[in-house]
Amino acid sequence: MTAAGEAPRIGVYVCDCGFNILGAIDVPEVVRYAGGLEGVVLAKEYKYMCSDPGQDLIKKDIREQRLNRVVVASCTPTLHERTFRRVVSEAGLNPFLFNMVNVREGVAWVTEDKARATEKAKALIRAGVRRVALQEPLEARSEPVNPNVLVIGGGIAGMHAALSLANANSGAKVHLVEREPSIGGNMARFDKTFPTLDCASCILTPKMTEVKIHPNIHLHSYAEVVSVEGYVGNFDVTIEHKPRYVNEDLCIGCLKCVEACVYRDARFPNAFDLGLAKRKPIYIPFPQAVPTKVLIDPMDCLYLKLGKCKKTCVDACEKGAIDFAQAAVRAQVKVGTIIVATGFKPFDARRKPQYGYGTLPNVFTALEMERFLSPTGPTEGVPSLKDGSLPRKVGIIHCVGSRDRNTNEYCSKVCCMYSLKLAHLIRERTGAEVYDFYIDMRTPGKGYEEFHEKLLAEGLKVIRGRVAEVTTSALTREEKGHLIIRVEDTLAGFVRRIPVDMVVLSVGLEPQSDTQQLRRMLNLSCGREGFLQELHPKLAPVSTATDGIYIAGACQGPKDIPETVAQAGSAAAEALALVHRGTVEVQPYTAVVDEAVCSGCQVCVGMCPYDAITYDADKGVVHVLEVKCKGCGVCAAACPSSAIDQKHFRNAFVLAEVAGVI
Amino acid sequence: MKDYLYFPGCSLKGAGSPYEKSLLAVFRALGISLTEIPDWNCCGATAYLSVDADMGTVLAARNLALAERADGRDIVAPCSGCFLALSKAKAMIAEYPDLRAKVDDALGRGGLPYEGRVAVRHPLEVLLKDVGPDRLRKSVVRPLKDFRVAPYYGCAILRPYETVDSAHVPTVLEELTRIAGATPVDYPHKARCCGGMLTTGVQSVGLRLAEILLDAAKSAEADAIVTTCPLCQYNLEVYQDRLCRSTRKDLRIPVMYFTQMLGLAMGMDERTLAIDQLFRVPVLACPAGGRA
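Residue numbers (this note's numbering), protein chains in the order written: chain A, 126 to 787; chain B, 70 to 361.
Hints listed in this document are in silico derivations from the structure and should not be mistaken for laboratory results.
A couple of the hints might just be wrong.
[Said to hold, decoys possible] With a straight-line cut-off of 27 Å between C-alpha atoms, the simulated DSS-like cross-links for lysine-lysine are:
#, chain 1, residue 1, chain 2, residue 2
1, A, K470, A, K433
2, B, K287, A, K605
3, A, K605, A, K586
4, B, K318, A, K605
5, A, K538, A, K511
6, B, K287, A, K511
7, A, K459, A, K381
8, A, K317, A, K298
9, A, K403, A, K470
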């Protein structure tokens, strides 16, 4: 019986989804079967249920056939549940008297045998019909959206998103969190960018400064997001600021402390330079760092490590900014939306030991080469060999950790282009002869193929073939003392041995190593390669399955700077749209207590992550505060006497559904 | 101590007999018993596999089935060819049901069931994993001081199954070398091809591969190459004089089995370890029979 007391009059609609479902399931047979189920008044097949005519069909039937429940068997609810709920409500039915059965992703796409797929679809529809017969009308609640936005990651993606949001002057405050001491990300490491060869610093540093001084941006540098609670419109975020041991508000970046440090020479590897250059225990990551504040590495600083030091830095600081007692500080911020722009991790070239990275001298990764080529890098822009001389021949090996069944199968997309850029710059700075070893030269993009042609005209030597190994084992006198690149030249059809002085490994892009923790914290999903998964690969490329959380840049998959910036802008626009709308609809799936059954054991009180359950000592029962309840269902599952039900997921509904399947 | 079944294969009963002698001596001294699989036959390696792969698999499977019938203990297969043939047969039969049917049919005619439950082990694995570095270290009475060793793995115990060690950066032989008190030298090709069957088929290619290895070991100033495989040992040892003449390089270097190296460190004499059967006998800095 329905809430209004009438017997269920259910309409079942089975979608062909073109050939997606029709090709794998005997749809007419399923429709015939569904028509005979208890409570079903009509069952229909249609080519695309989500199309306008499909929607109209449902509306017409609701009105004319007086349907009071609707089941649509089509794709996953994440795609179209919202669509069909709107359709039934437009026809005057409560949207929660609708149920969606997934026969596309759940059946058609994963079941090879048509007869079995048909049976499976029947079982799922049977379950859906039984469930919908019990469902109750509910009212969706609406809640205000906090206008502030959290941006995680201060690379080019995060900075661009933050600036787009901040420049909208929507009243929103942007919290930009970067875990490194400076914003800028990997782009700050580059000397030039392809295909225009414009100077990366010249286009990046103004943006970095703008981020720092923008009144609408709160920059949390050297900080990490440690927890995110809540839901779209109302997230509670905890940010942990790591201790710099230097008071950020007082430090003016004069670097007198660095000069005064008891260590006369820089002797600790600088992470920004990938360890190629050295720094002191007190340092600034790179000259253009933003914020321009020094920090102390507690692992290297004598005082922090041993408690004994002359502390010359303290004497040198006129502002008294150095503070050895600093500890990690946590800050709470409230935001309505989140943009994730955490970037990528370069492939670890040690995983291809045959290329000698880490074991042979003068074998470098592409990112290291970017630093060598940078005027502020360890060799001030001119790559040189370990002995200080200039290389006369350099080999660049493509696809290291990309398009490789042993490591990553996917193409990292940017490596062909950055390899060409590196080839140009190496030749320009050292005059070396450069060899590029590629599998396929992939240069789609505006001006990219033209750049490739330009390089060929410059005299770049290109050899098609995946390099077998880099070795120092010389077979001839000419090879002695060189790195020998052994490769099958697949155009010429024989194996070559090419002696070079320096090897650059064009490493692919991988997900950040802590993507899984981030994913769990934000309730996102990852694709097969481990990059964050977008809601839809074509139509919702920056949205995620979690409302209010957007992704931009290389955390979603390998991409170059233009594409990253475009995504960041898009993510900012999506977030702003929510801010502008001002409210979000919240599903009314709150918990309800059956006071007659509740024994007052209070197991649920401790379990509730939102403090939404209180104990009424007079009655000896618990109450759920509907405003606070987020509908997570923990209490319903925990209740030992089944006294708690979750609306729309009542035990009876779920059991009816299960009984329908089996 | 754990006991094992032993699959010698043709090599260890023929050209590789120094391997068998030293292996048995070392294992005996460590208190490990090796029992030959009764009525074992050819492992089905190289030649057979290239003519009739299915029959090669059946031959290997018969050995595995015999081991199951014997008592199902782990099989120690010292020859790299046998080790790979047996490991591969076991893996392939488990993966492909139609191959399994052929094997069941062939073995069934002889009344021999096959279940695939015995493990195929390499003696290196047994020494370092089952016996363990600590016990091995205790057994060393004569550390091979100042003895520089080029560890050479060959292909088959590392590829495609990396059960013994990493295919690209293997280190177990280095570990064993250090346990024996000797010094492992680093050189680029320790898991590269020794020339394999090409030294007989396409000699120009096969000998070239052997030359590359010998040259690399010599350049690294090794006193000996220590290997795990009878074919590698043969290829690297017997062509040395010929390669010296054709390349005008000094490529002379002793090529010994890892079991011989360990046996020396355990204080055994050259006869017991069949070191006197090698073409070139390694020269040790320390005298036999005592601590250096």
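Notebook entry, point to check: Does A:K459 pair with A:K381 here, judged by a C-alpha cut-off of 27 Å?
Noted result: violated (38 Å)
Margin query: With the threshold set at 27 Å, check whether the alpha-carbon distance from B:K287 to A:K511 stays at or below it.
Written below: Holds - the C-alpha atoms of A:K511 and B:K287 are around 26 Å apart, at most 27 Å.
Next item on the list: Would you check the hint for B:K287 and A:K605, treating anything up to 27 Å between C-alpha atoms as holding?
Entry: holds (15 Å)
Notebook entry, point to check: Quick one, are A:K470 and A:K433 close enough, alpha carbons at most 27 Å?
Noted result: violated (37 Å)
Next item on the list: Decide if the proposed pair is consistent with the structure: A:K403 and A:K470, CA atoms, cutoff 27 Å inclusive.
Entry: holds (22 Å)
Notebook entry, point to check: Between A:K317 and A:K298, is the straight-line Cα distance small enough, at 27 Å or below?
Noted result: violated (32 Å)
Checklist line | 27 Å limit on alpha-carbon distance, applied to hinted pair B:K318 and A:K605 | finding: holds (15 Å)
Next item on the list: Given the hint that A:K538 pairs with A:K511, test it: the Cα-Cα distance must not exceed 27 Å.
Entry: violated (30 Å)
Next item on the list: Take the C-alpha atoms of A:K605 and A:K586, compute the straight-line distance between them, and say whether it is at most 27 Å.
Entry: Distance ~22 Å between A:K605 and A:K586 Cα, so the pair holds.
This entry does not satisfy hints 1, 5, 7 and 8, going by the numbered hints stated previously.
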